[in-house]
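Respectively, the protein sequence lines represent chains A and B.
Position one of the first sequence corresponds to residue 1 (UniProt numbering), numbered consecutively onward.
Position one of the second sequence corresponds to residue 1 (UniProt numbering), numbered consecutively onward.
Rather than coming from a laboratory, the hints here were simulated on the basis of the structure.
Every residue gets a Cβ at the ideal spot worked out from N, C-alpha and C, and that includes glycine.
Output of the computed footprint for chain A on chain B, the stretches with three or more beta carbons under 8 Å from beta carbons of chain A:
id: 1; region: 86-99
id: 2; region: 188-197
Facing chain B, a subset of chain A residues (Cβ under 7 Å, in silico):
id: 3; residue: Gly-3
id: 4; residue: Ala-4
id: 5; residue: Pro-28
Chain B residues, not near chain A, derived (Cβ > 12 Å throughout):
id: 6; residue: Thr-269
id: 7; residue: Ile-479
id: 8; residue: Arg-558
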Amino acid sequence: MTGAFGAVMERLAAGESPRAAARALGIPLDLAETAAAEGERLGLVIRASAACGTCTPGGSPVCAGCPLAR
Amino acid sequence: MTTATRAASVLLVGNPNVGKSTLFNQLTGARQRVVNAPGTTIGLAEGTWRAGDVDVTLVDLPGTYSLIARSPDEQVAADAVSDAGHDLAVVVLDATALSRSLYVLGQVARAGRPVVAALTMTDLASARGLRPDHEALTAALGVPVVEVNGRTGAGARMLAATVEEALRTRPRVAGIDPRPRDHELGDELAHAQQIFDWIERVADAALSPEEARETLSDRIDRVLLNPWAGVPVFLAVVWAVFQLTTAVAAPLMDGAAALVDGPLTGAATWALEALHAPAWLESFAIGGLIAGVGAVVSFIPLMAIMFASVTILESSGYLARVAVVADRAMRAIGLDGRAMLPLIVGFGCNVPALSATAVLPHARQRLLTGLMVPLTSCTARLTVYLLLAQTFFPGHAGTVVFGMYLVSIALVVLFGLAARRTALRDVRPEPLIIALPDYQRPHLRTLALGVWARVVSFVRKAGTVILVAVAALWVLQAIPVRGGHDLADVPVQDSVYGATATALAPALAPMGLDDWHIAASLVSGVAAKEVTVGALAQSYALEDPGSGSTETLGEQVRATVEQTSGGAAGAAGLAFMIFVLAYLPCMATLAEQRRLYGWRWTAGAAGAQLAMAYALATAVFQVGRLL
Chain A
1 MTGAFGAVME RLAAGESPRA AARALGIPLD LAETAAAEGE RLGLVIRASA
51 ACGTCTPGGS PVCAGCPLAR
Chain B
1 MTTATRAASV LLVGNPNVGK STLFNQLTGA RQRVVNAPGT TIGLAEGTWR
51 AGDVDVTLVD LPGTYSLIAR SPDEQVAADA VSDAGHDLAV VVLDATALSR
101 SLYVLGQVAR AGRPVVAALT MTDLASARGL RPDHEALTAA LGVPVVEVNG
151 RTGAGARMLA ATVEEALRTR PRVAGIDPRP RDHELGDELA HAQQIFDWIE
201 RVADAALSPE EARETLSDRI DRVLLNPWAG VPVFLAVVWA VFQLTTAVAA
251 PLMDGAAALV DGPLTGAATW ALEALHAPAW LESFAIGGLI AGVGAVVSFI
301 PLMAIMFASV TILESSGYLA RVAVVADRAM RAIGLDGRAM LPLIVGFGCN
351 VPALSATAVL PHARQRLLTG LMVPLTSCTA RLTVYLLLAQ TFFPGHAGTV
401 VFGMYLVSIA LVVLFGLAAR RTALRDVRPE PLIIALPDYQ RPHLRTLALG
451 VWARVVSFVR KAGTVILVAV AALWVLQAIP VRGGHDLADV PVQDSVYGAT
501 ATALAPALAP MGLDDWHIAA SLVSGVAAKE VTVGALAQSY ALEDPGSGST
551 ETLGEQVRAT VEQTSGGAAG AAGLAFMIFV LAYLPCMATL AEQRRLYGWR
601 WTAGAAGAQL AMAYALATAV FQVGRLL
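Make the full structure from the sequences, and use the hints.
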């Protein structure tokens, strides 16, 4: 990956938040956030809550205790 | 002199909440109607607007952040933009988040539509020091940019004149090559990269550099995501959670257990005797239901504290950091970092964790992760650890339970490494790329709702799955196989349940656990891990129903294990916990694994797990009793 998008992806892969990536790269915060969101649409980025939706506490008993269920 | 009137179709495109619909209402007034988008039931607002000499049909598209659609609404917007039947797109740009708006503008331009930009929120942007330079923005985009205010109508006339002109001149965005829409990932990625490079150039030209300030989140992350500090901090946090949980919950659990064993059992006994209920019914209700379900329900205070702790960690944003820290550790040993999210879910419940492997893109990665999931210690196993830790290590229960989670993590890693070096050699690790949220203070109401939802779910499970399992166990305990007893009037040792457990118990001797109560609870635990404690309680309650014993379940288990271990009860207790952690997944997990990976992988992994658990628990007891 190249350019601004690739640079944001590299920063996220290194464990930085979009805010920290924007600061480090000197780009607007909403540009870094948009890159993260588009990376998610393209299947490159996982949101912290990506596993949510596989279960819902109210809907399925087996989800009791799931630390990521909302 | 009159001029000929022309007609045109213009799309209004933009992000959600940028004032697009307000602008649409301002431009079209009452001349609106709602139509279904072609081939869908999604309603689109369509209105007529006079732009100079042109009668414009203005279509207000659903707000979207991207034309790579993820919802039916976004798909409607994407389809409309690529439809050559529309003459022009007015793209609404939010001056307070220009880059985000420019991304959609770039995609519209790539689709080949002529464009006019309408700049909104300029007053807010000015207040925040983010206002773009209008001239520079117009020059960088190469298309007209009109400042508008949908609420006041400011700029509406200028927009009309500009659109009229643009319908003739068909302005194209500078720096973006129009390309037909395609759906190949490689192409979409290349297009995204090109558009982001273009946005960076436009933003450089039109925006003042933002002051890069370090936030509190950044400062906290410097410590928590540090490769050397991150793991120790995480372990300390988890240890503190277990210390808090066991210390605070112990008296509450004792109170709940006393309530079940005392007043509840007493009242049920009195009621059944008053109704002259038959002996089998009394046995079922007191020794079966109340003993079995009550033992599990007494864990509710503990679960509530545990859920509250986890919810705080989750809603604060810390849990996402754990995934990042763990990802680095996983990659260091050649495992896929993206497996972390399903594995974290597995510490709640293994079944949804298997579903969560869907976040992994390749089938072999999903298989490897799905085989590792049953070794993550689910919440149901926590009830067993707590009973045993408080029984055998009363002063250090929290630390022992914490240790069980470390063993779980170690087993996951070892199993993963073994699989990567044998049957799944072809799986290539890839990094986890995660969008970390800023840290947040947990919201009290959200916290309360989250804890409530999870406790209700736990109770519902106790009231259904466990109830059914306990009833099934009671039936097995009521069928005699030796001693010439009558149905439902049989010492539990002479029942199908007791005889089977007695036959299996010697296999547990190398772990110091040669006892039918324990063997029965382990077999029952395969149905659902929550049943393990209930089955233990039920076995002891039915063994001597008339004794009026005041011993707690823990004391009864301790007395049994003292005998079976030859005095090394601590080592045997630890072996018991290790075996419960690793021996076999519950039925629901096995069924889900079979559905996802087939019988061969499921049976092979379960067999490997059982052998590993047996060897490990035996080693723990044999070494432990020498210490």
